[in-house]
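Protein chains in written order, with this note's numbering: chain A, 130 to 424; chain B, 4 to 358.
Hint data in this document are derived by calculation from the structure and do not stem from the laboratory.
None of these values were measured; they are calculated from a predicted model.
Just to be clear, a hint being listed does not mean it is correct.
Unchecked claim - Selected chain A positions facing chain B (in silico; Cβ < 7 Å):
#1 318
#2 323
#3 340
We put the CB at the ideal spot given by N, CA and C, even for glycine.
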Amino acid sequence: MTGVGFAKETGTLAAAGQYRRPARFQPLRFLKGVFVYGLLSLAAFVSIFPFYWMLVGTTNSAVDIVRGKANFGDHFWINVTNLFAQVDIPRVLFNSFFISILATVLTLVISSAAGYAFEVFRSRFRERIFAALLLMLSIPFAALMVPLFVMMAGVGLINTYTAVIAPAIANIFIIFYFRQATKAFPSELRDAARIDGLKEWQIFLRVYFPVMQSTYAAATIIVFMLNWNNYLWPLIVLQTNDMKTMVLVISSLASAYVPDYGVVMVATVITTLPTLVIFFILQRLFVQGMLGSVK
Amino acid sequence: MSGVELKGVRKSYGALEVIRGVDLEIKPKEFVVFVGPSGCGKSTLLRIIAGLETISQGDVIIGDRVVNDVDPSKRGIAMVFQSYALYPHMTVRDNMGFALRFAGVPKSEIERQVREAARILELENLLDRRPKELSGGQRQRVAIGRAIVRHPEVFLFDEPLSNLDAELRVHMRIEIARLHKELQTTIIYVTHDQVEAMTLADKIVVLRDGVIEQVGTPLDLYDDPANQFVAGFIGSPKMNFLEGVVENGSLLLAHYDGQKIPLGPVSGKVPDGTRLVAGIRPEHFGPNGSARLAVTAEIVEHLGGETFVYAGNGGREILTVGMHDGRAFKPGDKFEAAFDPAKLMFFDSQGLRVS
């Protein structure tokens, strides 16, 4: 009898189609539902509200934003005009795109080649070098910042694009990611290509690259976002206004003596858009890439 | 067409030696099958011939060239892989023409060659499809087509049928045999399936632990195995092995309740007290045999045309008995398995054939 009672309560037998449960109100089940959906709604609210607040903020004056106005206003064009008056947005956007695109392309080329080589070439020192690389992930960037700055100053690269791009392109996490992904790359494809007469670099470009498209798509999103949102290092090495990126502009607008939050919100929306667009374009491949690209 | 010769070939990975001195001569146009259990080195040997693995010692000769340091693409070989290894981002046409395009062959010539290979393999309607749109058998045919267009001196097949279902495997086996007849090329084929080996090969090479156990035609190996390993590996179901000791000119079996069987071909050649293993193939049991072994059926497999009875006599050995008229058999039946003593093979304690 205990078994049947248990089944009635949880609906196990009903689910299996052996027992039709009469429709009746079950307070415990109802409360559980309320709790779960309540929690999910709260999480959704916490995730979505900042975006909503950002969009609402673009249409309101700084005073309204500080007062906590949470619906759309009519200050949008004033905020946009003010932003363009205060900052050379086309130039700043160019800086951000130039740095992010170049750094992303170089990172993908260098780090994917490294990941591929780590997996494909056997050497006595392979695992030791790789372990040393992974160990370097544990060193916080703050500890590297000063020596890196001294190095860049030593070669006269302060306030140049190179200073921002160069340290970014050998990304240990992306090397690791590509090495893991390469494990799924069939070794027989490489053998077949060797018999077809391809050299190792040709195998990499003409077989590996097209086959691993979705891995590259996922890495593109991750690396582009990292570079686009990079703040600390550009803040240190990019010193003049004509070299600043969008993230630095938001920061300087927000830390003004009297920040105009409407303007800050417009700048934030402009900064958010490119990553969103790239994500939606590559979304399908991104998901495949995170799951493993070769079936 | 070129033959292939291996002279004292050895291959080690660090301290582990996986190919331990292989000497082999494969004649032009010969269909040679490497068989052996997993890890015996048969695929490694094939990869050595292909140039995908370097050798630690010895010579690999294709035609009249020593190719030890020659790039795989310049050895005059083509290889078909177990997983097909088709480029997933290319159409069937591009997959088949890729090597030629890379070798700088003019486009019109590539198209002609691809069409010719597609005709041979009946792939003409699939040329614009990608590998993922093809069935397993079609993919395997494309992989073979990719090999054909290169007009290799030697075809290498690495377990090409292992990923196919049983029916398709039989079909493709016939296709490969037909292809060999049509192309008249040297073929080296690796498989662990001895049925494939028996049906396809002009010559079988049986490998174990990186050494060749025996080389010969399929029927040579079946009729006259050099040792117990080859005897057990060739033939399906495998040969029965009965352990025993020679006593008064008969073999006293260890696991059949003191029963004896005649020494057949080795009668009078082996002294009393010698430990021997007698081998008898399941298909060599028949109603007219003069030697008999009383056993009890444990499992009975009715295959329609024939029946296999797995029988024992309390010991740990199980005797596989094949019969053509065994439909009435059921587990628990006691019967006498009869055979002709002349069909027995004997092996010593090292597993070597005693004759």
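> Taking each numbered hint in turn, which are not upheld by the structure, reported in ascending numerical order?
Replying inline: Violated hints: none; all satisfied.
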